[in-house]
Amino acid sequence: MTRKSKFWISFFAFIAVVSFISPIFITFFDKPFTSQSMAFSSGGPFNLGYDYIGRPILPQLMLGGRDLMLASLLTAILTRFLGIMVGIYLAGKKKFGKFLRFFLDVLLVVPATVVSLATYNAFSGSVYAVIPISTILSLPFTSRYYESNVRSLFTLPFYEFAILREKYEIKVIIQEIIPIISKTILTDMSSSFIGAIYMISSVTFISSQTDSSSFLWPKMVSENLSGFSLNPWASLAPLLAIVLLSAPLSFFVDSMEIDRL
Amino acid sequence: MLKKLGQASLGKLALAIFKIFVIWLLAVFVLGLLMEALPGDVASNKVGKQGSEAVAALRKEMGLDRPFLDRFFFWLGNFFKGDLGKTLLTKKDVGVIIKTPLISSLSITTIVFLGLVFVSIPLSIYCAYYKNALSRLISRMAVLLSSVPEFVLTILAIMLLCMELRLLPVLSIPGPGKTVWENPVSMLMPSLSLWTICTAAMFRYLRVMIETYVNTSYVREAFLAGLNKNKILFIHLLPSALPGIAQILASTIPYLLAGSMVVETLTAYPGMGYTLIQAVQSRETPVVIAIGSFLIAITILCYYLADFLGKKNKNEGGIL
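Residue numbers (my numbering), protein chains in the order written: chain A, 1 to 261; chain B, 262 to 581.
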């Protein structure tokens, strides 16, 4: 990894940790005074003002990143884990591989955003409900990616020797194949995390459903956009928070791609 | 011999068409099944507060008490007769509801596609091939733009172009009783936003592709032989890269149609994405399936085209 890659991944890690632990510090603020008459007013903690129903922006901003980040992280981990398993299975030209590939081709063309949006709405705005659906619908892409990465490795002599030596193929795959593609997995996991943030952000942004027990940055943007001229920070602050979460990771992936070239 | 070749090609074509049809049918079935599996429906949305008996009565009235397979094959039979069914709540013809949004979405898809072909691709190739201050600046901007979700980009574009500079209208509504072509200004903001999003995403793939070709032995030998840089690009590099570029372009079309949902919602553009979101939120499954089946058909055709071009390229794997 170059210095540039290390810088961006460190910056992202810092933002991620801050987003994750900031809800703990909510208790340090006095219980905020909330009133409809304060809607889109300026002032408040750190001068970020108030939202469309008079709630201060800062506490919501501190709460709004954790669920988004956790759901995106879980989606990224699950999709890649399943993708690696299915990709390796298909690369090994096993029984039922052709049927599995055909079924995945069917899933490939199902519009994922539509189904994710419907799922999000049906489960009353729970961002975690989107995880299984987006994992399954991402499987065709991830399995193809890892299948193409791993297929050539199965024909190499070292793999054949390892298969002859070991009793269990899964042990050979874990010991011999996974370490070789670990850099690819890291870069791909980062891209997957970014993709998950985009997808979950877009779905929560355009949905009309609200889960009043949780705050999400994209939801804050959509709810407060109408009052932009009165208090721009009500929608700008969560917007910039989303950029701060996704941009460093994107720059990290970009610098890793440049390194590979 | 030619007759045999012709027959073999026809046979392959027939097989491909059959495969496309089967994938389309299964994908539409899966979409319907996923929508069916979700909790609640249009009846529970409308009369849920009145109790389970009211919901059951409304479901029976709408035909939602029939088994899913029954309803799906009934819809399929009507689909092949050109009837897309009726909406559950208002009993309006689904075909009539989606016709105008479909034309609106296809219009901006065409405009954006032309923008990608004539502006984005040449710009991406220029930035990947010629390493100067301008290309580095554009590259950094593209990476930054591709780092943020679509709605962030669109909101920032609306803030800058519509609210600050007042160059374009905030809402992209053509006007009462007008189509988008009767008020072409309504297409500008959504087209510009979509074009920016697609260009930023495509830029990275194209840059990697062009830089890979620059590092191939025959291109390096052409540089070493002292050939003009422009000549190397147009005579040696681009002909090899064109199938790959066309493949990336073909893969962008499904996104242009399905991914325009966010842009259309933000700009209030009366396209398919906007109609689809309304249908999903009100659980109007016939509208969702009708639009979904169209999106699935376009996606399959584009991926098949991309695969065909990829096989010509021989470097890329197939998508389907």
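Bear in mind the hints are in silico, worked out from the structure with no lab data behind them.
Just so you know, even glycine gets a beta-carbon here, dropped at the ideal spot from N, CA and C.
One should not assume that every hint holds.
List of simulated lysine-lysine pairs, BS3-like, C-alpha gap at most 30 Å [unchecked claim]: (1) B:Lys280 with A:Lys93; (2) B:Lys273 with A:Lys94; (3) A:Lys98 with B:Lys360; (4) A:Lys94 with B:Lys280; (5) B:Lys273 with A:Lys98; (6) B:Lys307 with B:Lys360; (7) B:Lys439 with A:Lys93; (8) A:Lys167 with A:Lys95; (9) B:Lys360 with A:Lys6; (10) B:Lys273 with B:Lys342; (11) B:Lys280 with B:Lys321; (12) B:Lys347 with B:Lys360; (13) A:Lys183 with B:Lys347; (14) B:Lys347 with B:Lys490; (15) B:Lys280 with A:Lys95; (16) A:Lys95 with B:Lys310; (17) B:Lys310 with B:Lys321; (18) A:Lys4 with B:Lys392; (19) B:Lys490 with B:Lys392.
One side of the interface only, derived from the structure: several residues of chain B facing chain A at Cβ under 8 Å [unchecked claim]: (20) Val303; (21) Ser305; (22) Ser368; (23) Ile372; (24) Val409; (25) Pro410; (26) Ala461; (27) Leu537; (28) Val541.
Do the hints match the structure? See the list:
no.	hint	result
1	B:Lys280 with A:Lys93	21 Å, holds
2	B:Lys273 with A:Lys94	26 Å, holds
3	A:Lys98 with B:Lys360	38 Å, violated
4	A:Lys94 with B:Lys280	22 Å, holds
5	B:Lys273 with A:Lys98	19 Å, holds
6	B:Lys307 with B:Lys360	26 Å, holds
7	B:Lys439 with A:Lys93	56 Å, violated
8	A:Lys167 with A:Lys95	20 Å, holds
9	B:Lys360 with A:Lys6	51 Å, violated
10	B:Lys273 with B:Lys342	28 Å, holds
11	B:Lys280 with B:Lys321	37 Å, violated
12	B:Lys347 with B:Lys360	14 Å, holds
13	A:Lys183 with B:Lys347	52 Å, violated
14	B:Lys347 with B:Lys490	60 Å, violated
15	B:Lys280 with A:Lys95	21 Å, holds
16	A:Lys95 with B:Lys310	51 Å, violated
17	B:Lys310 with B:Lys321	17 Å, holds
18	A:Lys4 with B:Lys392	19 Å, holds
19	B:Lys490 with B:Lys392	12 Å, holds
20	Val303	12 Å, violated
21	Ser305	10 Å, violated
22	Ser368	20 Å, violated
23	Ile372	21 Å, violated
24	Val409	5 Å, holds
25	Pro410	4 Å, holds
26	Ala461	10 Å, violated
27	Leu537	6 Å, holds
28	Val541	5 Å, holds
Of the numbered hints given earlier, the model fails hints 3, 7, 9, 11, 13, 14, 16, 20, 21, 22, 23 and 26; all others are met.
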